[in-house]
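I would like the entire structure built from these sequences, with the hints used as guidance.
Each protein sequence line maps, in turn, to chains L and G.
In this text, residue positions in the first sequence follow the numbering used here: the first is 10, and each later residue adds one.
In this text, residue positions in the second sequence follow the numbering used here: the first is 2, and each later residue adds one.
By construction, these hints were calculated from the structure, which means they are not laboratory data.
Any given hint could turn out to be false.
[Claimed, not checked] Using 20 angstroms as the maximum straight-line C-alpha spacing, the simulated SDA-like pairs for lysine to any residue come out as follows:
#, chain 1, residue 1, chain 2, residue 2
1, L, K230, G, R240
2, G, K247, G, G259
3, G, K247, L, D231
4, L, K172, L, A235
5, L, K70, L, K104
6, L, K228, G, R19
7, L, K230, G, N250
8, L, K172, L, K228
9, L, K228, G, V243
10, G, K247, L, L103
11, L, K230, G, C71
12, L, K104, L, M83
13, L, K228, G, S251
14, L, K70, L, L37
15, L, K30, L, V85
16, G, K247, L, E75
17, L, K30, L, E75
18, G, K28, G, C71
19, L, K104, L, V157
20, G, K247, L, A158
21, G, K247, L, L96
22, G, K110, G, L120
23, L, K30, G, G259
24, L, K228, G, N250
25, L, K30, L, Q84
26, L, K230, G, K29
27, L, K104, L, D160
28, L, K228, G, R252
29, L, K30, L, R17
30, L, K133, L, F182
31, G, K247, L, I232
32, G, K29, G, R19
33, L, K104, L, L36
34, G, K247, L, L86
35, G, K247, L, T100
36, L, K172, L, F182
37, L, K230, G, K247
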Amino acid sequence: MIRANTSREHTNREYEQELRKLRELLLLMGAKAEEIINGSIRALIDRDSALAEQMIAVDRKINQLEIAIDELCMQVLARRQPVASDLRFLTTALKLVTDLERIGDLGVNICERVLELNGEPPLKPYIDLPNMTQEVQEMLHEALDAFVAADVERAQRVIARDKNVDAYYTQIFRELLTYMMEDPRNIFRATRLQSIAKYLERIGDHATNLGELVIFMVKGKDIRHAGKLSDSG
Amino acid sequence: MSANSNGKAEPAPKLIVRDLTVSYDGKKAVGPVSLDIVGQHVTALIGPSGCGKSTFLRSLNRMNELIPGCRVAGSVLLDDAPIYGPGIDPVAVRRRIGMVFQRSNPFPKSIQENVAYGLRIGGIDNPQEIAGRVELALTQAALWVEVRDRLNDSALGLSGGQQQRLCIARALAVEPEVLLMDEPASALDPIATAHIEELINELSESYTVVIVTHNMQQAARVADYTAFFYLGELVEFDRTDVIFTKPSNSRTEDYITGRFG
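Right under this line is the structure:
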């Protein structure tokens with residue numbers, strides 16, 4: 010059973026059902042976002058254009074879930090006037106879907122670059138990009154787990170990992186620059202790979218946002234634009 | 002528990018309640034409660050039926066003494082002066098701490114006489130002064146415009162919401178400093194309720210208001226501070242925005258989110 014809030018159930022079962030449904034939809038959307046990250050990079054490595062197309066279809070599902078979740082949140086806000094942890098859960102859900110939806114869009118951007126790259130011979134073997142993808146994918150996965158378990162420490166570990174992603178991006182960018190300087194014919198492919206790395210870096214930022222949202226949901230404390238949970242207050 | 006749970010400086014308390022315990026026939030109904038009620042603000046008392054919030058409210062102007070078998074221990078200070086104690090006249094206390102009840106209970110008299118009644122009891126008999134004070138009280142209760150042309154009509158001909166505002170005017174006529182309200186809007190329709198809530202907001206500019214309500218959204222709308230009572234105990238007292246977004250006690254959380262039994 011998925012429980013993001015307190016362990017006790019609402020006296021009103023219909024309300025309880027609505028919140029449970031909301032959690033399930035959010036997790037389904039999160040799973041789709043993970044799928045699109047993994048699939049798009051596998052499409053790159055395996056030069057699998059069919060898989061890239063398939064992932065673009067996954068994004069349409071993510072968009073439908075965004076609308077469904079927004080509608081459900083509106084309905085609960087209008088009908089139940091949630092307060093305290095329920096209110097924080099609802100406002101968190103509304104923001105969470107925005108980050109997840111953006112992750113889906115970035116996944117589509119990766120697929121578009123993959124389709125372009127697949128029309129060209131491979132530039133180089135990929136080493137850092139798969140590692141970066143794994144880091145980003147784990148961050149997203151951990152952020153969703155932290156959401157389910159209402160686990161502040163796990164959410165903070167997600168936030169701390171963002172600097173690893175940034176480091177990968179800098180590294181990949183530097184390497185691609187040398188390829189471009191070596192031979193201008195590499196520029197078309199190198200800029201596409203650089204874009205893909207940038208998309209992954211942005212996905213890392215969205216996973217970081219999810220971690221911050223989880224901390225707000227659990228502790229009622231907004232830590233955005235500060236980076237870490239302060240002990241004061 | 003004190004109002005200053007967040008450690009910040011708060012406005013001066015109008016009422017200071019210390020270790021107040023109320024029992025009926027030797028059975029404890031509420032307490033011990035310690036609480037500071039901030040002047041010229043609205044404090045809401047919330048909690049399930051039987052939690053002691055109305056008993057607590059009534060003990061703030063010695064209304065409980067009218068109930069046989071009721072005993073009150075502890076202290077309540079109004080502007081640092083005790084309201085319980087030998088030689089203190091409960092009627093004088095109630096003149097400074099007025100009360101409005103759940104069911105509007107106008108006297109079967111004219112609108113004018115309902116408001117003037119307390120003044121006459123208080124020894125005012127100058128008709129001009131009475132007329133002036135009646136107009137002022139009805140204006141403060143946001144009823145004057147609706148009734149000024151029919152002050153001599155029976156109060157029982159008014160609508161429920163108007164009757165309740167008349168009772169508020171009656172309480173205000175004797176110029177109290179504190180207004181206690183026991184579910185003042187629970188028998189009213191949403192529009193009349195909105196009028197009363199707006200009125201509470203306006204009254205808090207000059208009066209200290211303490212309101213008991215079952216409607217948590219109402220507490221969230223009108224109160225600056227909220228106290229949550231459960232099983233005769235004060236569980237949590239804090240600023241209303243804190244109570245409804247991030248309460249510190251899990252029982253408060255369970256109650257306001259609807260997770261109680």
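Hint by hint, here is what the structure shows:
no.: 1; hint: L:K230 with G:R240; in the structure: holds, 16 angstroms
no.: 2; hint: G:K247 with G:G259; in the structure: holds, 15 angstroms
no.: 3; hint: G:K247 with L:D231; in the structure: holds, 12 angstroms
no.: 4; hint: L:K172 with L:A235; in the structure: holds, 15 angstroms
no.: 5; hint: L:K70 with L:K104; in the structure: holds, 18 angstroms
no.: 6; hint: L:K228 with G:R19; in the structure: violated, 32 angstroms
no.: 7; hint: L:K230 with G:N250; in the structure: holds, 16 angstroms
no.: 8; hint: L:K172 with L:K228; in the structure: violated, 24 angstroms
no.: 9; hint: L:K228 with G:V243; in the structure: holds, 12 angstroms
no.: 10; hint: G:K247 with L:L103; in the structure: holds, 18 angstroms
no.: 11; hint: L:K230 with G:C71; in the structure: violated, 44 angstroms
no.: 12; hint: L:K104 with L:M83; in the structure: holds, 13 angstroms
no.: 13; hint: L:K228 with G:S251; in the structure: holds, 13 angstroms
no.: 14; hint: L:K70 with L:L37; in the structure: holds, 10 angstroms
no.: 15; hint: L:K30 with L:V85; in the structure: holds, 11 angstroms
no.: 16; hint: G:K247 with L:E75; in the structure: violated, 27 angstroms
no.: 17; hint: L:K30 with L:E75; in the structure: holds, 14 angstroms
no.: 18; hint: G:K28 with G:C71; in the structure: holds, 9 angstroms
no.: 19; hint: L:K104 with L:V157; in the structure: holds, 16 angstroms
no.: 20; hint: G:K247 with L:A158; in the structure: holds, 19 angstroms
no.: 21; hint: G:K247 with L:L96; in the structure: holds, 9 angstroms
no.: 22; hint: G:K110 with G:L120; in the structure: holds, 15 angstroms
no.: 23; hint: L:K30 with G:G259; in the structure: holds, 18 angstroms
no.: 24; hint: L:K228 with G:N250; in the structure: holds, 13 angstroms
no.: 25; hint: L:K30 with L:Q84; in the structure: holds, 12 angstroms
no.: 26; hint: L:K230 with G:K29; in the structure: violated, 38 angstroms
no.: 27; hint: L:K104 with L:D160; in the structure: holds, 18 angstroms
no.: 28; hint: L:K228 with G:R252; in the structure: holds, 16 angstroms
no.: 29; hint: L:K30 with L:R17; in the structure: holds, 16 angstroms
no.: 30; hint: L:K133 with L:F182; in the structure: holds, 14 angstroms
no.: 31; hint: G:K247 with L:I232; in the structure: holds, 15 angstroms
no.: 32; hint: G:K29 with G:R19; in the structure: holds, 16 angstroms
no.: 33; hint: L:K104 with L:L36; in the structure: holds, 14 angstroms
no.: 34; hint: G:K247 with L:L86; in the structure: holds, 17 angstroms
no.: 35; hint: G:K247 with L:T100; in the structure: holds, 13 angstroms
no.: 36; hint: L:K172 with L:F182; in the structure: holds, 15 angstroms
no.: 37; hint: L:K230 with G:K247; in the structure: holds, 9 angstroms
Comparing the model with each earlier hint shows violations of hints 6, 8, 11, 16 and 26; every other hint is respected.
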